[in-house]
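Chain by chain, the residues run as shown.
There are 2 protein chains.
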Amino acid sequence: VRPIVTADILAVGSELLTPHRVDTNSLFLTGRLNDLGIAVRMKSAIRDNPRELTAALTNALSNADLIVTTGGLGPTADDLTREAVADLLGLELVERPDVLAVIQERFARRGAAMPAINRRQAMAPEGAIVLPNPNGTAPGLLLEQGDRMVVLLPGPPREMQPMFDGWVVPRLADRTRGRRLHRRVLKVTGRSESQVEEVAEPIYAAAGTAETPVETTILASPGQIELHLSSAGDDGQTIGRVLDEAVARLAEALGDVVFSVDGRSIEEVVGDLLHRRGWRVAVAESCTGGALMARLTDVPGASAWVLGGVVAYANEVKIAELGVPAGLIERHGAVSEETAGAMAEGVRARLHAEIGVSITGIAGPGGGSPEKPVGTVVVAVTTGAGTSVRRFWFPGEREVVRRFSAMAALDMLRRALSTS
Amino acid sequence: VRPIVTADILAVGSELLTPHRVDTNSLFLTGRLNDLGIAVRMKSAIRDNPRELTAALTNALSNADLIVTTGGLGPTADDLTREAVADLLGLELVERPDVLAVIQERFARRGAAMPAINRRQAMAPEGAIVLPNPNGTAPGLLLEQGDRMVVLLPGPPREMQPMFDGWVVPRLADRTRGRRLHRRVLKVTGRSESQVEEVAEPIYAAAGTAETPVETTILASPGQIELHLSSAGDDGQTIGRVLDEAVARLAEALGDVVFSVDGRSIEEVVGDLLHRRGWRVAVAESCTGGALMARLTDVPGASAWVLGGVVAYANEVKIAELGVPAGLIERHGAVSEETAGAMAEGVRARLHAEIGVSITGIAGPGGGSPEKPVGTVVVAVTTGAGTSVRRFWFPGEREVVRRFSAMAALDMLRRALSTS
Chain A
265 VRPIVTADIL AVGSELLTPH RVDTNSLFLT GRLNDLGIAV RMKSAIRDNP RELTAALTNA
325 LSNADLIVTT GGLGPTADDL TREAVADLLG LELVERPDVL AVIQERFARR GAAMPAINRR
385 QAMAPEGAIV LPNPNGTAPG LLLEQGDRMV VLLPGPPREM QPMFDGWVVP RLADRTRGRR
445 LHRRVLKVTG RSESQVEEVA EPIYAAAGTA ETPVETTILA SPGQIELHLS SAGDDGQTIG
505 RVLDEAVARL AEALGDVVFS VDGRSIEEVV GDLLHRRGWR VAVAESCTGG ALMARLTDVP
565 GASAWVLGGV VAYANEVKIA ELGVPAGLIE RHGAVSEETA GAMAEGVRAR LHAEIGVSIT
625 GIAGPGGGSP EKPVGTVVVA VTTGAGTSVR RFWFPGEREV VRRFSAMAAL DMLRRALSTS
Chain B
265 VRPIVTADIL AVGSELLTPH RVDTNSLFLT GRLNDLGIAV RMKSAIRDNP RELTAALTNA
325 LSNADLIVTT GGLGPTADDL TREAVADLLG LELVERPDVL AVIQERFARR GAAMPAINRR
385 QAMAPEGAIV LPNPNGTAPG LLLEQGDRMV VLLPGPPREM QPMFDGWVVP RLADRTRGRR
445 LHRRVLKVTG RSESQVEEVA EPIYAAAGTA ETPVETTILA SPGQIELHLS SAGDDGQTIG
505 RVLDEAVARL AEALGDVVFS VDGRSIEEVV GDLLHRRGWR VAVAESCTGG ALMARLTDVP
565 GASAWVLGGV VAYANEVKIA ELGVPAGLIE RHGAVSEETA GAMAEGVRAR LHAEIGVSIT
625 GIAGPGGGSP EKPVGTVVVA VTTGAGTSVR RFWFPGEREV VRRFSAMAAL DMLRRALSTS
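These protein sequence lines are chains A and B, in that order. In terms of our numbering, the first sequence has 659 at position 395, counting the first letter as 1, and numbering is strictly consecutive. In terms of our numbering, the second sequence has 634 at position 370, counting the first letter as 1, and numbering is strictly consecutive.
Derived from the structure by calculation, the hints contain no laboratory data. One thing to keep in mind: the hints can contain errors.
Said to hold, decoys possible - Looking from chain A toward chain B, a few residues come up when the C-beta cut is under 8 Å (computed):
| no. | residue |
| --- | --- |
| 1 | T282 |
| 2 | P283 |
| 3 | L291 |
| 4 | G295 |
| 5 | G554 |
| 6 | A558 |
| 7 | L571 |
| 8 | G572 |
| 9 | G573 |
| 10 | G630 |
| 11 | S633 |
| 12 | R662 |
Quick reminder that beta carbons are idealized off the backbone N, C-alpha and C, glycines included.
Can you make the complete structure from the sequences, with help from the hints?
This is the structure we're talking about:
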């Protein structure tokens, strides 16, 4: 049989065609399939409608080597995936006594009799491999016909994911002849997407056409740019070396704006730097209103290196709780290098921390002025050895300004901890 | 011509078939189409591949009244949507001098000559209506053939959204004969999805089969359940009355766990309650690490009712900054009713606030014990008139426990502000 190189993903369920639901299953599946060197050709969400389901399956079957469906395996009349696939492949649905026994036992364990409608979930197209579901009543199904494979999975992620990893991945690995996708991620802060691209493009363009080609994708979010490098093949050692070389070249060209080449987030990098020194950080925030602290403490174990902080939204709190002199705020304003420095020093002293960080700014929509427009943010970091202060201007809405600000503060912490 | 009642959405772009990207355009479009009483039948993401694009368009054209595509209108060789649609509909692509002039002027304004490749963006199938794009170079296209409508939109949301609202919605409104979707949202906290369903199901089941049927969807997130009620038709007054009656019945049956029937978030509800009293809140957080403050200050204008707070991650900060007696923590533990109460009272007194709130708990993964397992959280709210304290146990991972905790604290604030 031919190796499997392309897949279509079909999410079945009317709730996925509302304005509120995203099909996240397809992201998980795409990641796993890519890891096996399989490209996703198309993904669709369709309603619980037999005619539409059949049309979508027909289109998928005529093109992709592999079709993965999620949803529509429940016990109700709405759940039609089993029937539609059997029909299209010209297979008869037969009741599987082994599957029926498992479902009945599942209900018995909870002291209940199996409702009659659940009997449908024991039906499988002839020749199908049944995939056990320890987390629900709907078993999965796997069919191989000639070169093609069709996999039917339940919709709930906690049922679908272990089933895919436990039963489908090993089966697919047999059909990909050792081919795997290998990847590396470089994370950058303090540069825009186009600035990163300008420096990185010549390097990844060359890597893209080398003997072992490396594919590069750029992902941007407020304050952070990621370069995803990947290469597929069966010679893992060579590919690993080629990827590491590309990472090294990019890291050298981009310089110290690269904060991670090993998958860690910036809050993990900062946490590790603090942990290594045995230091603890104290935080004073104004416009970010707790968002910086929330990120620092997002990392499990953060209590070892985060002491705490003060959210000084009102000026009176900056004065009373952080010891910022009232006259300083009057003279320079709450959003100023002077106030930011005093906030960082105040919180460091009050909480007896080795390092203090502060953010003060105007997140908007109100509060801007011609000299200090919305998006003006000042960040300060202070240690016993000295204080560094920077003024930024971040474009965008309130939430975006807040995300940029927290990121800038994390990066200034990283730099202070790397050098001082 | 027939009215438009169903639509297919097609997102074009290879980047949408990676594990990292979600097609958010389709959520915006689904919301807008539903508002016009148009149901989305299917949505797909496809690669920049002419054969696959044609197959997907063919499938859509044979079924839906309306097809909306996003992406693939750029100037490069990868951008194929224009050509594929013209081809399928048997229309010739012609250069539109008016469109070309607009694109050239756009470049001229930035002092640049139009690159030759952008000339492609001035091509349109004969008979197409060109949709202006003030935010980019790619104009949209709208084609009507018999009963069917095909709309091609650019991919970037800031180009796509104003184009859809400004040019496509009015055109669609002509084709829906006054039919509109009307909706209401009820928001609940402090109840699980199944608890809400048990109470609400008889009411929404009856509403679903009434003369003017109301459709109900339940959406659950940590600490919050939403009931979305909707009904489509051309008699807005009757539908509005029917929806309001259903909302009133549900709100009465569910009681005071309903915190919003007008779309407001709980932080907006709390902010409005504080604002109305002229009160200001002070916050003391431990395990949530700033997440409660971040939510309270997410609301524009929050500086009027949020004074600030202390994130007391370490016990020494609880003692020094919040005035919690060291002996109290020793006797009862940092996660206890006593400590939570002292934290809330301490922050209220220190910041001179009218109301204080505190959270202390074990978010995990470490730190649990048999008496206080991971997920144990205590919340306190205090005013001059008294203090209320509650202990919770929230299931789930660190991030989920933190979200549940912030939600519980916001709800206790709401209750204290509504009654005291």
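Hints, verified against the model:
Against a cut-off of 8 Å between C-beta atoms, the interface hint on T282/A holds, since the closest Cβ of chain B lies about 7 Å away. Proximity of P283/A to chain B holds as hinted, the smallest CB-CB distance being about 4 Å (cut-off 8 Å). At its closest, the beta carbon of L291/A sits 5 Å from a beta carbon of chain B; the interface hint therefore holds under the 8 Å criterion. At about 4 Å, the closest approach between the beta carbon of G295/A and any beta carbon in chain B falls short of 8 Å, and the interface hint on this residue holds.
This hint holds: G554/A has a C-beta 3 Å from the nearest C-beta of chain B, less than the 8 Å allowed. Hint status for A558/A: holds, given a least beta-carbon distance of 4 Å to chain B, under 8 Å. Because the closest C-beta pair between L571/A and chain B is about 5 Å apart, less than 8 Å, the hint holds. Below 8 Å, beta-carbon pairs count as interface contacts, and G572/A has one with chain B at about 4 Å; its hint therefore holds.
About 5 Å separates the beta-carbon of G573/A from the nearest beta-carbon of chain B, less than 8 Å, and the hint is met. Interface hint at G630/A: satisfied, since its Cβ lies 7 Å from the closest Cβ of chain B, which is below the 8 Å cut-off. Below 8 Å, beta-carbon pairs count as interface contacts, and S633/A has none with chain B, the closest being about 15 Å; its hint is therefore violated. A hinted interface residue such as R662/A counts as satisfied when its beta carbon comes closer than 8 Å to some beta carbon of chain B; here the least separation is about 6 Å, so the hint holds.
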